[in-house]
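Here the structure of chain C is known, so what remains is to put chain R in place on it, guided by the hints.
Below are the chains, spelled out letter by letter.
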Amino acid sequence: MILTFPGSLVDKPVVSRAIRLFGIEFNILRASVTPSEEGRILAIVSSGGEEGIEASLDYFRQAGVGVVLPVRNLVWNEDKCISCGACTGHCPSGALALDGGTAEVVFTAGKCIACELCIPACGYGAVESVEGLLDRTGGSRWPGR
Amino acid sequence: MARSIAEINDRIRRGKAVVVTAAEMKPIVAGKGAAAAARDVDVVTTGTFSPMCSSALLINLGHSTPRMKIRKAWLNGVPAHAGLAAVDLLLGATELHEEDPDNRVYPGAFRYGGGHVIEDLVRGRDVELRALGYGTDCYPRRELRTLVGLSDLNTASLLDPRNCCQNYNVAVNMGSRTIYTYMGVLRPGPGNANYCSAGGLSPLLNDPFYRTIGIGTRVFVGGAAGFVVGPGTQHSPCEPRTGKGVPTGGAGTLSLTADLRRMSPEFVRGVSVTGYGVSLALGIGIPIPILDEELAASTGVGEEEILAPVIDYSRDYPGNRAEPMCHVTYAQLRSGWIEVGGKRVRTAPLSSLSGAARVAAALRRMILEGSFELTNPVEKLPGAESGIEPRPLRIRL
Chain C
1 MILTFPGSLV DKPVVSRAIR LFGIEFNILR ASVTPSEEGR ILAIVSSGGE
51 EGIEASLDYF RQAGVGVVLP VRNLVWNEDK CISCGACTGH CPSGALALDG
101 GTAEVVFTAG KCIACELCIP ACGYGAVESV EGLLDRTGGS RWPGR
Chain R
1001 MARSIAEIND RIRRGKAVVV TAAEMKPIVA GKGAAAAARD VDVVTTGTFS
1051 PMCSSALLIN LGHSTPRMKI RKAWLNGVPA HAGLAAVDLL LGATELHEED
1101 PDNRVYPGAF RYGGGHVIED LVRGRDVELR ALGYGTDCYP RRELRTLVGL
1151 SDLNTASLLD PRNCCQNYNV AVNMGSRTIY TYMGVLRPGP GNANYCSAGG
1201 LSPLLNDPFY RTIGIGTRVF VGGAAGFVVG PGTQHSPCEP RTGKGVPTGG
1251 AGTLSLTADL RRMSPEFVRG VSVTGYGVSL ALGIGIPIPI LDEELAASTG
1301 VGEEEILAPV IDYSRDYPGN RAEPMCHVTY AQLRSGWIEV GGKRVRTAPL
1351 SSLSGAARVA AALRRMILEG SFELTNPVEK LPGAESGIEP RPLRIRL
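Protein sequence lines, in the order shown, are assigned to chains C and R.
Counting in the working numbering, the first sequence runs from 1 upward without gaps.
Counting in the working numbering, the second sequence runs from 1001 upward without gaps.
Only chain C is shown next, with the shape it has when bound in the complex (with noise of 0.2 Å):
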């Protein structure tokens, strides 16, 4: 999971927290505070079981920070999608498509092989790599910030 915190929050204990109310272990495989002061973690919950996991992110999210499940390399940003489709022309899993009733794009996550073709299909930043995610700063894509 990456784990995006406010600058309110970065220097406030939140994950040792979580680990000590929820009896989950924690492997940060990258981590980094942005020069807008925000901070954002990459890390793998090895165990806790679902519930001591499900009860963390909850307790993350009202913490205020932002919890995001990549699916393999790729992060689907629902938020961002508009619906058009490119995509869809790319994807050889099926794994977005257009649903045939209401044309909005769905992201169907067991289907994805991870190709990435989409990521340069996609023009609002929809679907993007974990790294791109990573070297993301700021809710704005302005790179100033």
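Calculated from the structure, these hints are not laboratory results.
Yeah, the Cβ is synthetic: ideal placement off N, Cα and C, and Gly gets one too.
Do not rely on the hints blindly, as some may be mistaken.
Here are some of the chain C residues that sit facing chain R, going by a computed Cβ distance under 8 Å [said to hold, decoys possible]:
1) I82
2) A86
3) E104
4) P120
5) G123
6) Y124
Pair by pair, the computed Cβ-Cβ distance ranges are [said to hold, decoys possible]:
7) C:G7 - R:N1060: 25 to 35 Å
8) C:G64 - R:G1341: 52 to 62 Å
9) R:P1027 - C:S47: 47 to 57 Å
10) R:A1331 - C:S93: 23 to 33 Å
11) C:R17 - R:E1024: 50 to 60 Å
12) R:L1147 - C:L29: 32 to 42 Å
13) C:S32 - R:G1124: 19 to 29 Å
14) R:T1155 - C:G64: 27 to 37 Å
15) R:G1336 - C:I19: 24 to 34 Å
16) R:G1342 - C:G100: 22 to 32 Å
Coordinates of chain R only, in the frame set by chain C:
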């Protein structure tokens, strides 16, 4: 039977008007015929939601103390045109961030530009304004750096020279390598075909001869009520048309304006087109008053009756000799597959159909609740009889 726009507005005010989206109108016309549909329906709402490169934001900053005549300006690092009055700026949707590496590392990612600044402002975010001037007796200040948000600006108007193309190309790649175009990533083979129109929901395809959409028509732009300024750039009303009057190529375009402060981020999005540049995706909707049977018939046009030209973007489009390879219908495009030169090719849209449907539904709601009255155009757009045809540029040096 015929009714006037004044009569329709009166019915809206009395809560008697029947307003349907263009998607809902197709089965009505197919089921009971155009004459009965014209009797029963007052207004058909259309919509489209896709990248519209020819868009710009005009802002007035208000004067600083001391005053400044801005010569150069940047909003979040994106250059804005300052060759207007002292503190008026024009920001183009496709303007790149000052330090964008463009296509030097091919294909460029184009992460941030004018379209994204416009989206950030609509989202209520502050943007950084940097400005330089040379100093005059009346405008002595030479430098400025501050934050501005939408509520700080005296004026924030989208001024779009060309939006809402009547119809559009289907792009394929007949070359031998993957290409990165404004019509998306195109694999050779052709490996895929991209199209960009709301098809049966598209505003100008529902009023193909511009009978009700004209200069001064009130339209929905990005969630706000705006207006048609005139024909858009490259307005080309004399394109070939089918028997029902539907053009089989780009054809008509609209120039629009609307107040950015009334827009919603749901319908205003910055776009990064890999290998091409940045743009702005906009939701635009236009109500079509059903004045008579002919308008009922034209709003009833089905996607199997609308043709789009298939164009090769590897050689023909860049070489400006865009003869269509063939034509396909929007019904075929929506099925996910078309045939090009005997090969089955997968299709994908660049224009959001669900977004277009949301625009048409939002416009329908605004009309029914009385916040969006229909207008008579002040003047007609140049039509199929005008002889207007955009010419290529003749290079004279």
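Results for each hint:
1. Hint status for I82 (chain C): holds, given a least beta-carbon distance of 5 Å to chain R, under 8 Å.
2. Restraint check, A86 (chain C) versus chain R: the minimum CB separation of about 5 Å is within 8 Å; hint holds.
3. Taking 8 Å as the C-beta cut-off, the interface hint given for E104 (chain C) holds, the closest approach to chain R being about 5 Å.
4. Nearest Cβ of chain R to the Cβ of P120 (chain C): about 4 Å, under the 8 Å cut. The hint holds.
5. A hinted interface residue such as G123 (chain C) counts as satisfied when its beta carbon comes closer than 8 Å to some beta carbon of chain R; here the least separation is about 4 Å, so the hint holds.
6. Taking 8 Å as the C-beta contact cut-off toward chain R, the hint placing Y124 (chain C) at the interface holds, the least distance being around 6 Å.
7. A C-beta distance of roughly 32 Å is found between G7 (chain C) and N1060 (chain R), which places it inside the suggested range of 25 to 35 Å.
8. The given range of 52 to 62 Å is respected by G64 (chain C) and G1341 (chain R), whose C-beta atoms sit roughly 55 Å from each other.
9. The hint said 47 to 57 Å for the Cβ distance between P1027 (chain R) and S47 (chain C), and at roughly 56 Å that hint holds.
10. With their beta carbons about 26 Å apart, A1331 (chain R) and S93 (chain C) fall inside the hinted range of 23 to 33 Å.
11. Distance hint for R17 (chain C) and E1024 (chain R): a CB-CB separation of about 53 Å, consistent with the stated range 50 to 60 Å.
12. Under the hint 32 to 42 Å, the C-beta atoms of L1147 (chain R) and L29 (chain C), about 35 Å apart, fit the expected range.
13. The beta-carbon spacing between S32 (chain C) and G1124 (chain R), approximately 27 Å, falls within the hinted interval of 19 to 29 Å.
14. One distance hint, 27 to 37 Å for the beta-carbon pair T1155 (chain R) and G64 (chain C), holds here, with the actual separation near 36 Å.
15. As the Cβ distance of G1336 (chain R) to I19 (chain C) is approximately 48 Å, the hint placing it in 24 to 34 Å is violated.
16. Checking the proposed 22 to 32 Å range against G1342 (chain R) and G100 (chain C) shows it holds: the Cβ atoms sit about 27 Å from each other.
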